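Trainee: Sequence:
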Amino acid sequence: MLEGKEVLIVEDDPVFIRIIGGFLRKEGCIVREAGNGLDGLKALREGIPDLLLSDLSMPVMTGLEFVEEVSLEYPMLPVIVISGTGGMSDVAQALRFGVKDFLIKPIDDIMVVKSAIISVLEDADGGTSSDADFSQQWFKLAQGGGDQPLTEELKWHLDELLDNPGNARDLLMGLMPDQDSRQGDWRLSYHSLQSADSSPVVLDYTWMMDGQMAFYMVDSGSAGKNGTATTLMIRAFFNEYLRSQDADERGFVHLVHQIEHAIKKSTYASPIRAMFGILNAADNELSVLSAGLNAVVDGSGNAIIVKNDHLLGVDAATERFQTIDLASGNVRVSLSEVGLTSFSLDIQRLSA
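Using the UniProt record's numbering, the first residue of the sequence shown is number 1, and each one after it goes up by one.
Keep in mind that a hint or two might mislead.
[To be verified] Capping the alpha-carbon separation at 30 Å, the derived lysine-lysine pairs in DSSO-like fashion look like this: (1) K155 <-> K265; (2) K42 <-> K140; (3) K26 <-> K140; (4) K105 <-> K155.
FYI, nobody ran anything at the bench for these hints, they're computed from the structure.
Predicted model, so just to flag it, every value in this text is computed and none were measured.
Between the sequences and the hints, there should be enough to build the whole structure, so can you do that?
Mentor: Structure follows, in structure tokens:
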């Protein structure tokens, strides 16, 4: 599987690079090495490898700076980053640059490295590497989603996050999008004051070319120990859905059905409180579906309670979207759950 594949390793630890490089050469890889980010960029200009393996903690040029530069200059190059324990915030930032996977030092099982590399290269060879999120890389939705058994690599990742709840929280928080965003005449912002000791409410949103914006919110703590894995699986389904079709209510109901099916079949996911929404700018409407995460949606004094007792994973898809008229040009979605009332989402039309 790895025979003839060219891998560039950018790493300043000579022991680690000797172990990984030696192992990959035995697997038939063509291995090149660089000791820091600047040397890594020089090596890339000499030739583009099949895969880049980069540490995030290096001298001269930080690994994060290096990965960002690579994402701009070589967006089609699959990248796996390596971080020491406790560097999850940097890992999350790297993932936002399009990195396909990450590994945490110390790596006790070298086969995890092999599994991660094979998985990323398979997707690259299949033509999906350019726009697939790391969560899609993990959960392999195109090959069966939640029905598939745990792969060695996925189990390693989930065990790592389960054993280190602080890392899990840092990862989820680091993946949160920009707090203020604009598209055309519309602005989205969110406000969050969350305890550093609890699992966070996670938001993700995407502006689309047709004047729509899709989002979801997840209370990661409501799924207990499986909260992080379930939240990342929802992210994978959401990104895959938006990659393949336009957002509308019917499609989102199908998306919720897919996620619920995966939760019920998997051993690493549990029912969770969530909410989905679609902004249709052309029609001045916001459609919201609660999946156990309840909120007050206030459009300039016209407040609507969005409520559903069914969690995502327990027949939440049987509910219907509630539609709010945005003729006033402003709406606030405020979570009404005990302990979550400090989280709100604002959508505003900037011009009359």
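Trainee: Tell me if the straight-line CA distance from K155 to K265 falls inside 30 Å.
Mentor: 16 Å, holds
Trainee: Just to be careful, I want the Cα atoms of K105 and K155 compared with a cutoff of 30 Å; is the pair within it?
Mentor: 16 Å, holds
Trainee: Does K140 lie within 30 Å of K42 when you go C-alpha to C-alpha?
Mentor: Distance of about 33 Å is beyond 30 Å: violated.
Trainee: Run the distance test for K26 versus K140: straight-line Cα separation, threshold 30 Å.
Mentor: 28 Å, holds
Hint 2 from the list above is the single one not met by this structure.
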